[in-house]
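Following the numbering used here, the numbering of the sequence shown begins with 2 at its first residue and continues without gaps.
Don't take each hint at face value.
[As the list claims (entries may be wrong)] Label pairs and their computed distance ranges (CB to CB):
id, residue 1, residue 2, range
1, Glu74, Arg215, 55 to 65 angstroms
2, Thr379, Leu177, 46 to 56 angstroms
3, Gln305, Ser237, 47 to 57 angstroms
4, Ile296, Arg189, 51 to 61 angstroms
None of these hints come from the bench; they were simulated from the model. Glycine included, every Cβ here is placed at the ideal spot set by N, Cα and C.
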Amino acid sequence: MIELSAMNVPPPENLDVLYPNYTSVPSLAYLYRAYMAQAGLNISVDYGEVAYEYVQPSRPLLNLARLVLLNGEILEFPSPVSENMSYSLEYQVLQVSCKEETQNWIFSDLQSKFPSVFAMEWYYISEIQSDKVRPLPIFNISTIRYPGTYDLNFTSRVWTYAVNTQSIICEPFSALLSVNVSYTRGVRHIEHSIEDVQSMPNITESVYRFPHGREKPTPNISEVPVDTPEYAEWVSTIKDRLMSWNIYTTMDASFRSLAHTWEGTMGIPAESDKTEWNGTLVPFSNDTIDPGDTIIEWSAFNTQRNNVTSVYNTERQNPWDLGFDYGVAFEETFDPRRDLNLNESMLNEFLINVSISALTLDTWRVQTPVNVTEYRTTYHFSRPINLIVPYSLSLGFALIFVSIGVWSLLANGVPATDGGFLQIVTTNTGRTEMEKLIENKNEDEDEEAVITELLSMRVRYGELVNEGGVGIGRAGFGTLAETRPLGTRTNKGVD
């Protein structure tokens, strides 16, 4: 068990909801915590209020969602213990269920130069409230086309437009996310699955009302009664809401990073004689989209983000129109109607990537079971014969030569080689005439005379003899008096 980063950890049992702080109640969201009306003002009701309410995702979470949007994958985080380990996490997340819808409709308005042509809209919690009753948040992707116009009121300059809207409408639901994280030699692998699908949790504001008295100054936090059953129930509700808001805020941050509306032009009516329309649809042609630099354009959702010829138009002939002093100007031609192809699966994968990446923010830490694996290097030969034969032959030949050498040493007293430095060194043993001459040299004796005498000695390789001139059965170097010529080995018995 080691302490690791986790997600959506329940608040402590002894949570003091009236005096919270970011240490006792960590969150990925900005919240109104135990807020009350301004103290000192007279109230016109018989009760006081203290409340908790969700505001928006924290700035670190918003930045993280944008980074995941650009990368298109889960952010990296290093192994906390070993380069070979694994662990598992489970926590609630939000996913979406989407349906497609097509609408054909008309509307009358003044001629618009830049109507909406593509929109990704996120109707989040703070925008859809009505008397504290809030419907589910909805993420809506709409492609809006204007097939043409029916009529023009020349007096008011009001146009009647035909509109075609193709929408993907996504509603959230809750599910249990199981995440298996493993590291093999420092390389991370993540597997995840979704189960236990449920309806979306309650994310509305939670208020505790308590008796106070009309026309009295607004109470402060110290005047909130805490020994009532209603207060105990409210505390339990707040703990549930804190969990729900932390589940919701990753979706809120993800879809806020996606939300954007692109405007464009409807086009030019195909007929110039507007008096002849008479309620007949006159189609538009040459509709365009207003370019704008958005994060979505450079995200992994843009299927053409690596296609330079699609993203940029380099054929502008007159760069001086933009004040440039070089011959080519870049003009963005990103069109979400063409380059974005979002669907339910892609949105849910994006939500999961943001949720898992949020572990890098270290908002919560809990004791987690960890499996650490130790690897040992082993070798397996596909053809053992290629190893056994060469080594066996080498070992066999080596043993043969060692045996010959040992036998020669025992039989001859010298290495069984025919000449060479090793034989000279090993056969110059014992006290020879040359050694005696050098050892018996006196200091006053002429050194040149000794050298001359040594050089005059004749040395040969033969059978060594003892002082009586009898061969001792061992060959070596010596003077003529110390050796006798070698005969055949069978005749002389010399090894």
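Honestly, do Gln305 and Ser237 meet the 47 to 57 angstroms range at C-beta? Holds: the Cβ-Cβ distance is about 51 angstroms, inside 47 to 57 angstroms.
Can you let me know if the beta-carbon spacing of Thr379 and Leu177 is within 46 to 56 angstroms? At 40 angstroms between Cβs, range violated.
Between Ile296 and Arg189, does the beta-carbon spacing fit 51 to 61 angstroms? Violated, at about 25 angstroms.
Quick one: are Glu74 and Arg215 within 55 to 65 angstroms, going by C-beta? holds, 59 angstroms
When held up to the earlier numbered hints, the structure conflicts with 2, 4 and fits the remainder.
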